[in-house]
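The hints should help you fit chains A, F and H onto chain B, whose structure is shown.
There are 4 protein chains.
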Amino acid sequence: MAETIIKIDLKKSPYENEMIHNRWHPDIPMVKTVKPGDDFIIECYDWTGGQIANNDSADDVRDVDLTQVHFLSGPVGVEGAEPGDLLVVDILDIGAFQESQWGFNGFFSKQNGGGFLTEHFPEAQKSIWDFNGMFTKSRHVPNVEFAGLMHPGLIGCLPSKEMLLEWNKREKELYDTEPERVPALATLPYADTAHMGKMAPDAAKVAAAEGARTVPPREHGGNCDIKDLSRGSKIYFPVYVKGGGLSVGDLHFSQGDGEITFCGAIEMAGWIHLRVNLIKDGMAKYAIKNPIFKPSPIAPKYDDYLIFEGISVDEYGEQHYLDVHVAYRQACLNAINYLTKFGYSKAQAYSILGCAPVQGHISGVVDIPNACATLWLPTDIFDFDINPSAEGPSKKVSPGMDVPLSKDK
Amino acid sequence: MAETIIKIDLKKSPYENEMIHNRWHPDIPMVKTVKPGDDFIIECYDWTGGQIANNDSADDVRDVDLTQVHFLSGPVGVEGAEPGDLLVVDILDIGAFQESQWGFNGFFSKQNGGGFLTEHFPEAQKSIWDFNGMFTKSRHVPNVEFAGLMHPGLIGCLPSKEMLLEWNKREKELYDTEPERVPALATLPYADTAHMGKMAPDAAKVAAAEGARTVPPREHGGNCDIKDLSRGSKIYFPVYVKGGGLSVGDLHFSQGDGEITFCGAIEMAGWIHLRVNLIKDGMAKYAIKNPIFKPSPIAPKYDDYLIFEGISVDEYGEQHYLDVHVAYRQACLNAINYLTKFGYSKAQAYSILGCAPVQGHISGVVDIPNACATLWLPTDIFDFDINPSAEGPSKKVSPGMDVPLSKDK
Amino acid sequence: MAETIIKIDLKKSPYENEMIHNRWHPDIPMVKTVKPGDDFIIECYDWTGGQIANNDSADDVRDVDLTQVHFLSGPVGVEGAEPGDLLVVDILDIGAFQESQWGFNGFFSKQNGGGFLTEHFPEAQKSIWDFNGMFTKSRHVPNVEFAGLMHPGLIGCLPSKEMLLEWNKREKELYDTEPERVPALATLPYADTAHMGKMAPDAAKVAAAEGARTVPPREHGGNCDIKDLSRGSKIYFPVYVKGGGLSVGDLHFSQGDGEITFCGAIEMAGWIHLRVNLIKDGMAKYAIKNPIFKPSPIAPKYDDYLIFEGISVDEYGEQHYLDVHVAYRQACLNAINYLTKFGYSKAQAYSILGCAPVQGHISGVVDIPNACATLWLPTDIFDFDINPSAEGPSKKVSPGMDVPLSKDK
Amino acid sequence: MAETIIKIDLKKSPYENEMIHNRWHPDIPMVKTVKPGDDFIIECYDWTGGQIANNDSADDVRDVDLTQVHFLSGPVGVEGAEPGDLLVVDILDIGAFQESQWGFNGFFSKQNGGGFLTEHFPEAQKSIWDFNGMFTKSRHVPNVEFAGLMHPGLIGCLPSKEMLLEWNKREKELYDTEPERVPALATLPYADTAHMGKMAPDAAKVAAAEGARTVPPREHGGNCDIKDLSRGSKIYFPVYVKGGGLSVGDLHFSQGDGEITFCGAIEMAGWIHLRVNLIKDGMAKYAIKNPIFKPSPIAPKYDDYLIFEGISVDEYGEQHYLDVHVAYRQACLNAINYLTKFGYSKAQAYSILGCAPVQGHISGVVDIPNACATLWLPTDIFDFDINPSAEGPSKKVSPGMDVPLSKDK
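Protein chains in written order, with the numbering used here: chain B, 85 to 493; chain A, 85 to 493; chain F, 85 to 493; chain H, 85 to 493.
Think of the hints as simulated: they come from the structure by calculation, not from any bench. Given the structure is predicted, the values throughout are model-derived calculations rather than measurements. Accuracy of the hints is not assured; some may be wrong.
Restricting the straight-line Cα-Cα distance to at most 30 Å, the calculated cross-link-like pairs of lysine-lysine (DSBU-like) are [as the list claims (entries may be wrong)]: (1) Lys425(A) to Lys194(A); (2) Lys318(F) to Lys480(B); (3) Lys480(F) to Lys119(A); (4) Lys369(B) to Lys116(B); (5) Lys373(F) to Lys318(H); (6) Lys91(H) to Lys95(B); (7) Lys364(B) to Lys95(B); (8) Lys221(F) to Lys116(A); (9) Lys369(F) to Lys96(F); (10) Lys479(H) to Lys318(F); (11) Lys245(H) to Lys194(H); (12) Lys221(B) to Lys385(H); (13) Lys378(H) to Lys385(F); (14) Lys221(A) to Lys491(H); (15) Lys425(B) to Lys245(A); (16) Lys194(H) to Lys385(H); (17) Lys479(F) to Lys479(B); (18) Lys480(B) to Lys119(B); (19) Lys364(A) to Lys430(B); (20) Lys430(H) to Lys479(H); (21) Lys364(B) to Lys430(A); (22) Lys425(B) to Lys194(B); (23) Lys430(A) to Lys373(B); (24) Lys491(A) to Lys95(A); (25) Lys479(A) to Lys119(F); (26) Lys430(F) to Lys378(H); (27) Lys318(B) to Lys479(F); (28) Lys245(F) to Lys282(F); (29) Lys480(A) to Lys369(B); (30) Lys245(F) to Lys256(F); (31) Lys221(B) to Lys364(A); (32) Lys221(F) to Lys378(H); (33) Lys119(F) to Lys369(F); (34) Lys116(F) to Lys385(F).
Sample of chain A residues with no beta-carbon within 12 Å of chain B, all distances over it, derived [claimed, not checked]: (35) Lys95; (36) Asn139; (37) Glu183; (38) Trp186; (39) Glu207; (40) Ser317.
Virtual Cβ for every residue (Gly too), placed ideally from N, Cα, C.
Only chain B is shown next, with the shape it has when bound in the complex (with noise of 0.2 Å):
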């Protein structure tokens, strides 16, 4: 059995644990050193390094504090890494840990993170998913069960000084141009609540105010939350630091595309298997910016699907130019108020969304002034038939608790 380098205990705060951090920074100390060829396993927090709880009120989620996400474990190096090489990681298998069995999705408050649909769901909202074997299911979100799409929200390599110099000025210039916003443009770096892992507390101190947010994907792969960089896939990531600095975490029992509820898919703590090997100079090689990977051959398939689609003019008959970011707001509204009609409330059928292996396509980018967007809902998680049919939709979703609201205070 691979060798578990990384152990956390859900029952202490990550804080405690000296291999967890929760800031981007060149300096933060490798917690373990593997070779080339090595596969191993870490053990992870959930993003919110257990600030959720598996009950049915949503105070929890409204009340978050995401300064502190997300926690990380790591950073792992890797022998013979050197700027400039590809990272090649293979993630053999994730699962979540047999006393944890369950992850939850979460609409955060307008006030505090919002949301892709934030205007239309602007109150803090909760639902638990739990986990049976492969598959999942919740109690706020009934009728619909499905195998877990797993995947690392977050992975990827610390950055270089130069890197995370580029990336601080850059967010904090977008920042200042409406640094009063709610929620904000970026989120800059905050010491207050920076874990800088094993750094020695005066150099944690510096590094902390500099650190970067681990908030948004970056050049280095980062928070980049896609669903299909599942288990079984294989990563190529860009080595920026000697060692390289491998950091995990943020697992994801499952996710629809573009992770519209923000917090976010079914978000877990959990263990990651992995591999490692390394491309000697594969940067240049093959001209890698971000990462590339290879999807996995053991997905969920849940390939029929029913398509929604959205253009760029939004809810309120504004146009828009080419926006997609606008099209996939009205895909998704349009499943939802499909979805409604079989009687889910529209709180459930925005977890769907955010849940379930939903994929979201870019289909038409250049049709001046309109992009079109689109929405595959796959039908087979239902227990039910959600296709038109000539006798219209009945209520056929059983009664039961909704998805728990906790209003702003």
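Leaving out everything else, chains A, F and H in the frame of chain B:
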């Protein structure tokens, strides 16, 4: 054999055929009427109406008259169809004409149309794709061959009068924000080159002045350019006028998500075999605003991919806010750069992304400030291995003709 | 457009066309010669040469002259092909003729051909399948519709003289073990109805007496009736004579594994578009005895299945030893009985298993004394849900015409 | 987390565990009782009960005591289950134990068990497969790695008394036709090594003498060795005794169709997570004789194949009549010979066919006198290209240890 209810003659101008039109207007007369349950065949011009030839010069792409497009076949009336119904359309098959077994892909000059990567490919270029049964290859883009994912780029029902006015209003408002822009922000009604089908001359003159251009996708579907709306799929179209008025054109032999080259897919003339049915009052029954559809059971399977990530920091280093358009552009540029390492020119690589069944996914849209988009490049369309390896790439592309380019005059 | 190198006239007897033959013999002259890399189209009679009509009587199936089959188009010579080479054949497309958009499936009378379940269906029956673009349905088998998995039931190169002698010898030996058996154990050479293509009359007379019948699959491929050798696949055929001599016929619109109804698949006349290439000395290079092939990238996807098991205890309770034939028969009977619970007649159910893209797997062949075979019934070809549920099945099949039966005379 | 209702200790003999049994008999007492809707975990010995070790000698395969197999976990009672019901079983997950991340594949000596190709591999051989997360590879079979298609080789409900008698009768009749045969035609009851679970000693003694051996698949399912009955699938089992009495064992990490090596798949000890439900009176409702099942939504996708044909002329040139067993053997031999051209030994190639997710199709069973079977070899499990090319194969297989062989004593 099903009846061919609309015939065309490739040797004649589409303007001579009164079963063709190139504007949207509720008053365009039905050219044929069919019954629910009927299946029938419709012949279609390529979207430009024959402006592009099978040769090795891009002059015709450079000089194309885009005010003429798209030439559509129809409208076809369906007995019993009324506003509020859903018109269920099965695409039973699509094909090119025996005497016209080829298609074209082009990049418009930035001066005349532009495209998704027009800053990088500012001048007109064209590739010709020959069809060999279900497969295609190009003398301008060696070492790729793939089966066609044939689909209509443009299909939908006539708008109501109210809907037409709304389209014109919102697009004019957008246009007016930057009326001098090249390419324009929107294509407004333009009477000079309008073809109003069977409309009587006086009425046609009036209607031409307000008929919506066919360029963008809209609520009725229209020019969605969704590659997966392919032969074998089933589509549910909103009906806005009595009889429905289904028109179709802009047939594509294949296309990548986004239709990023704008001209566009592998564009072809050909025929489409359809079957129609109705869901009475289906729009209300299912809360339908835009068309929905089921994908085909017989689409080409190129499901081994190399996936490229892009984030919403543009190629000049500027930070954008959750902009999927920018993110997808980066993923495309990353793929293009990758392919050059095997010997493709950038134009050849761009053609591949525009023509092959490339997927474009909206992977993350909430992780401020970066959207993450992924481009899925099918690996099995190449006759050599394009996956990364420790050895690095070698020049694999056979020497030959590059994609012809015609400089702006 | 590719050249049609072999043309047929459905209104004329295949015996009048010297590009057709119905026996295997090394001396049948090539009807055309092509070059490696060429693609071309070949037209084909249905396997019976037009003996079966599109009507509602099975008399023609009952009275069929099986000594005539199969009518093949060819042989086509390939420049440079020599014994020991592999002839690489790409099936670029297959289609029915515009004027002949239908096919037939039948059960032969036990007195004249029989079939896999001939004890259960001892009399001639026939179903007619209409083609609507890529899809088919039958007035005799309601509530099913599916896309065609078009393939040549029979394709291969001419045998060498030595191979022919070996075929005749071994089949005669088997035949002689039970010469009175009905149906016979093997089909021996039969000169009366032989069609030897372009052979000169005297030579033809001699060759007809020894020409191998086309019924069984053999080393060269021949009548393999492999549904997955469908349009889009690539096949590597052994070459035994100079020029190869590729012949093809017995086109099927669709078929289930096993071709269990014997007459057989959905049988049709039509055309096939091929491309040929050579691997010199390929038989030795790859130790090839029988053809090998790659499946198509564009086969219909009906991949939700209900799977039936069968073991090698026959329907009369008798124990057989690791007999896959018996086991598959049980799986088929189990599926037929299951379908009757939804209102299908047994003949309708048998037709479905013969025509639809049913899979037959050799699941276990070592667990003495029982072989285990599985029949995979695609569920998406039905317009109702055939999966089991707690409520049990209800009669879903629309009333209509059953599969016509003609009693033995 | 679901409860583990049957636990085992790999360090102890299965004979010491009264929740294990190795014969089928209606009177074996239930070891646990669950309710419809429950999910639970069952631990299982490997089928030999630990007779095979992770080493480089095949002595244990040669000397295996096959009268002991298979060690099953159960029977588990289900509240409310009665004869005539269908027991619906969802396989929620399967895994190996943390401390036992490996499996074995072997060929039995012809003197002790034999196998499908025992004439070609008459002596005992063994390969060991290490598990790395969801993937496996073997030090004895280089250059292949693939994700597991984990499944129980053996699962089913207790037979009724009548059914048991019928099994014993028909198998004894077959056995008696050639009682001296090696390997035997059937495995008859054998009391000496019987393990009757919780049965009281006196009753166990009586039952052991008539308890059916677990080797063959039968009406209840049993040792079907169907690779696609994998984790994620849903199975409908006939119920013959009050409470059902579900037993399971013989877990496989992966297997090819046919389980042609007999010992067998990649055999492992491990656990299986199940959920049970009932369809009351389901056998009559759906005319069920043998189990039926739905395949998993989360099976590994290795869907690029090289397909080998075989016909029912055996490797010695003898003609058989529509014998799928012979035909599949030829397809297997063809594949083995093909693989040797890339440097594999025949034993390595045979192991691959037994272990990898190879498909075996019954392609044609009516074209007298030759059945046609196809073996589908997945190409993506190899780390080099195994497709044919004009250049011919080169030795690609890494040097190393061949599959260990132990000569008969």
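Status of each hint after checking the structure:
1. Lys425(A) to Lys194(A): Distance ~27 Å between Lys425(A) and Lys194(A) Cα, so the pair holds.
2. Lys318(F) to Lys480(B): 47 Å, violated
3. Lys480(F) to Lys119(A): 25 Å, holds
4. Lys369(B) to Lys116(B): Holds, at about 28 Å.
5. Lys373(F) to Lys318(H): 40 Å, violated
6. Lys91(H) to Lys95(B): 27 Å, holds
7. Lys364(B) to Lys95(B): With a Cα-Cα distance of about 41 Å, the restraint between Lys364(B) and Lys95(B) is violated, given a limit of 30 Å.
8. Lys221(F) to Lys116(A): With Cα atoms ~26 Å apart, Lys221(F) and Lys116(A) stay inside 30 Å; holds.
9. Lys369(F) to Lys96(F): The hint is violated at about 44 Å.
10. Lys479(H) to Lys318(F): 24 Å, holds
11. Lys245(H) to Lys194(H): Outside the cut-off at roughly 34 Å; violated.
12. Lys221(B) to Lys385(H): 24 Å, holds
13. Lys378(H) to Lys385(F): Cα-Cα ~16 Å, so holds.
14. Lys221(A) to Lys491(H): 56 Å, violated
15. Lys425(B) to Lys245(A): With Cα atoms ~28 Å apart, Lys425(B) and Lys245(A) stay inside 30 Å; holds.
16. Lys194(H) to Lys385(H): Violated, because 34 Å separates the two Cα atoms, which is more than 30 Å.
17. Lys479(F) to Lys479(B): Measuring from Cα to Cα gives roughly 24 Å; hence the hint holds.
18. Lys480(B) to Lys119(B): Violated - the C-alpha atoms of Lys119(B) and Lys480(B) are around 54 Å apart, more than 30 Å.
19. Lys364(A) to Lys430(B): Measuring from Cα to Cα gives roughly 25 Å; hence the hint holds.
20. Lys430(H) to Lys479(H): 14 Å, holds
21. Lys364(B) to Lys430(A): 25 Å, holds
22. Lys425(B) to Lys194(B): 27 Å, holds
23. Lys430(A) to Lys373(B): 16 Å, holds
24. Lys491(A) to Lys95(A): Holds: Lys491(A) and Lys95(A) sit about 28 Å apart, inside 30 Å.
25. Lys479(A) to Lys119(F): Roughly 29 Å separates the two Cα atoms, so the pair holds.
26. Lys430(F) to Lys378(H): 23 Å, holds
27. Lys318(B) to Lys479(F): Violated, at roughly 49 Å.
28. Lys245(F) to Lys282(F): This hinted pair holds, its Cα atoms lying about 18 Å apart.
29. Lys480(A) to Lys369(B): 14 Å, holds
30. Lys245(F) to Lys256(F): 17 Å, holds
31. Lys221(B) to Lys364(A): 35 Å, violated
32. Lys221(F) to Lys378(H): Roughly 25 Å separates the two Cα atoms, so the pair holds.
33. Lys119(F) to Lys369(F): 22 Å, holds
34. Lys116(F) to Lys385(F): Not satisfied, since the Cα-Cα distance of roughly 36 Å exceeds 30 Å.
35. Lys95: Given a closest Cβ separation of 29 Å, the condition holds.
36. Asn139: Fine: 24 Å to the nearest Cβ keeps Asn139(A) off the interface.
37. Glu183: Given a closest Cβ separation of 29 Å, the condition holds.
38. Trp186: 22 Å, holds
39. Glu207: Per Cβ check, Glu207(A) is outside 12 Å of chain B; nearest 17 Å; holds.
40. Ser317: 9 Å, violated
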